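Novice: Sequence:
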Amino acid sequence: MYGHRGQARIVKFNPHGLSIITGASKTGKSSLIDIVDYCTGRDTCNVADGVIRRAVSWYGVLFDRGDTRIFVARRNPPPGETRNPEAYLEVGGDVDVPDHATLTKNITVEALEAYLTSTAGISENVHQPPEGQTRAPLTANFRHALLFSFQDQDEIDSRKVLFHRQGEPFIPQTIKDVLPYFLGAVDEEHLRKQAELDQARKELRKLERLAAEKEEVETLVSSRTADIYREAQVAGFLPEGDVPPPSEAIASLRSIGAAEAAEREPDLDGVQAELQTERARLRSQLSAVREELRQVRQVEELAGGYLDEVLEQRSRLAPLGLLPKGAQDVNACALCGTSLDAPIPTVAELTASLKDLDGQLRTVKREMPRLQALQADLFQRRGGIEAALSENQRLINEHVAKAEQARAERDSRLHRARTSGRITYFLETVRSGNGPSDLETRLVAARERTNALLSLLDPDEVRERLTSFVNIVGEYMTVYSARLDLEHSGSRLRLDLRNLAVVADTPDGPVPLQRMGSGENWVGYHVLAHLALHKWFRQKERPVPAFLIFDQPSQAHYPPERDVEGNVNILGDADREAVYRLFRLMADVAKELTPGFQIIVIDHADLKDDWFADAVVERWRGGQALVPTDWLDQ
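The sequence shown: position 116 = 132 (our numbering), numbered continuously.
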């Protein structure tokens with residue numbers, strides 16, 4: 017593990033045989049399985065929230081395959097999260113634990129899983145579910161193999177589940193599907209033939225589908241020929257008339273060429289847009305002329321009214337010629353001499369007003385012809401614009417008609433093209449290019465090949481091999497059980513692959529694990545079942561990781577609350593002997609299967625025997641733990 021300041025915490029295990037980490041509670045022992053599980057490609061990091069999650073930045077595991085060493089590492093997810101895509105892989109003959117600064121993402125989790133699968137020697141394999149089942153085919157990989165290498169403290173003493181993660185959804189079926197491969201009941205030659213059978217079945221299904229389609233076409237050809245022929249008549253490909261017999265109709269349909277390519281349609285939309293733009297411009301001009309004409313008319317009306325007013329005033333001043341000449345009293349009436357309240361204009365002033373009116377009258381009379389000429393010009397311009405608008409509307413109507421005609425022609429071409437396509441498809445389905453005899457020959461050959469491969473892949477043979485191998489594993493279990501002095505240890509033991517359980521065959525009938533009593537039996541049968549499986553894996557050189565990790569196998573006898581420096585002397589004689597027998601069995605099996613096999617045990621117990629002491633790699637007591645104390649202040 018790596019701390020946030022770059023520190024490294026390395027736990028070294030014995031490369032072969034038994035390795036034991038003994039220690040008190042809450043020292044991080046149970047996190048080792050979760051760390052190895054996470055580093056080898058599990059999606060989620062299941063290390064418990066707490067000290068380890070807070071103090072660690074990266075987790076790593078170094079695998080030794082003799083001439084090759086593989087270091088894999090995963091970055092710790094951020095607080096509150098369980099996933100992190102960053103992974104690191106380093107492979108080589110002399111690879112060691114790298115410095116913290118070296119760790120950076122250089123591989124995806126998916127690629128890491130694929131690499132470990134290949135390196136473990138897991139060949140191409142696919143488990144095909146029995147016919148009638150809907151689940152997808154399954155390919156065994158390294159992650160599946162690990163299901164047989166871990167036993168955490170909640171699993172090892174369970175009477176309901178035997179394998180790692182068996183209590184999770186879909187995992188039981190996965191174990192049932194991949195275990196025959198890992199046991200070797202389904203070997204590489206079988207898998208190769210299975211792949212050939214899958215391909216043969218795929219080809220057979222294809223040919224059977226073609227044959228069914230051909231038969232369907234031949235059944236429907238008479239009625240469909242008439243329908244297709246009439247469609248060709250409607251589309252103009254064939255002349256009107258009665259539908260001839262099917263053979264003649266098909267010959268006529270074959271004579272039809274492909275539908276003519278669609279001609280490039282004129283850009284009627286562009287012309288229409290130009291006409292609409294021109295219409296808007298003309299309407300704007302017409303509006304301007306009308307406004308100008310309105311203003312001229314308004315001026316003319318004002319001028320006419322003004323002229324009438326001037327003529328009226330002049331007619332009133334015309335009698336000035338009758339008044340006496342010379343000075344006069346403006347305060348007395350010129351005719352009778354009577355005094356006036358207000359003075360009257362002098363004759364001179366009235367005469368001046370008359371002259372001014374005459375001048376205005378001449379001006380108005382002079383401008384009137386100009387207004388009339390301007391009005392006539394505006395009338396002419398208005399007429400021209402209105403004529404242009406009429407022509408514009410005519411052109412618009414003409415182009416609308418052309419567009420409708422173009423759309424109709426396009427629809428007709430599309431209809432002919434669709435009809436041509438249906439005719440082509442119909443003719444292709446009437447008779448394949450290879451002819452019926454060729455299809456029948458290929459179909460017969462495909463059936464023969466499929467049946468031949470099926471005979472080579474007799475499922476009974478696989479079941480017999482699997483039963484034989486499982487029986488051998490059961491014999492190993494039976495031998496191991498005698499050393500543990502378990503209940504039913506004198507009975508024959510076997511693995512029940514249907515229910516994924518250990519079963520003891522007794523004179524009173526089979527007794528599955530879930531019907532056995534006491535934690536000692538549950539733990540013991542878990543341990544011996546996995547020891548027996550790995551003995552078989554090693555003997556047959558199966559691609560299963562060559563290690564087993566047991567977490568708290570002594571818990572049935574040595575619960576954490578009774579931990580006193582790991583001293584088993586506090587236990588009763590029976591419990592102490594049971595713990596001794598369990599560890600001794602693991603040590604002996606680990607020694608038997610070496611070199612190249614490890615059993616790692618994480619427990620509270622600390623036996624005083626030399627063989628036990630030699631197997632202890634670390635003791636986590638008195639402040640010693642997985643996470644060093646100086647990391648806690650980070």
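Honestly, the hints are just simulated from the structure, not real lab data. All figures in this text were calculated on a predicted structure; none of them were measured in a lab. It cannot be assumed that every hint is accurate.
[Said to hold, decoys possible] Subject to a maximum C-alpha distance of 27 Å in a straight line, what follows is the list of computed DSS-like cross-link-like pairs (lysine-lysine):
1. Lys121 to Lys28
2. Lys28 to Lys418
3. Lys624 to Lys28
4. Lys624 to Lys607
5. Lys209 to Lys192
6. Lys28 to Lys42
7. Lys556 to Lys607
[Stated by the list, open to error] Restraint ranges, calculated between C-beta atoms of paired labels, are given here:
8. Gly183 to Asp214: 13 to 21 Å
9. Lys222 to Asp65: 29 to 37 Å
10. Ser134 to Asp65: 29 to 37 Å
Cβ coordinates follow ideal geometry from the N, Cα and C atoms, glycine included.
Novice: A separate judgement is required for each hint: does it hold in the structure or not?
Specialist: Hints versus structure:
Restraint check for Lys121 and Lys28: satisfied, since their Cα atoms lie roughly 24 Å apart, inside the 27 Å limit. The straight-line distance between the Cα atoms of Lys28 and Lys418 is roughly 89 Å, outside the 27 Å bound, and the hint therefore fails. Distance restraint check for Lys624 and Lys28: the Cα-Cα separation of roughly 21 Å lies within the 27 Å cut-off, and the hinted pair is therefore satisfied. Under the criterion of a C-alpha separation no larger than 27 Å, the hint pairing Lys624 with Lys607 is consistent with the structure, at around 19 Å.
Taken as a hint, the Lys209 and Lys192 pair is honoured in the structure, with Cα atoms around 21 Å apart against an allowance of 27 Å. Restraint check for Lys28 and Lys42: satisfied, since their Cα atoms lie roughly 20 Å apart, inside the 27 Å limit. A distance of roughly 17 Å separates the Cα atoms of Lys556 and Lys607; the hinted pair therefore holds under the 27 Å criterion. For the pair Gly183 and Asp214, the supplied restraint of 13 to 21 Å is violated, since their beta-carbon distance comes to about 32 Å.
For Lys222 and Asp65, the hinted distance range of 29 to 37 Å is not satisfied, since their beta carbons lie about 54 Å from each other. Between Ser134 and Asp65 the C-beta distance comes to about 34 Å, which sits within the given range of 29 to 37 Å.
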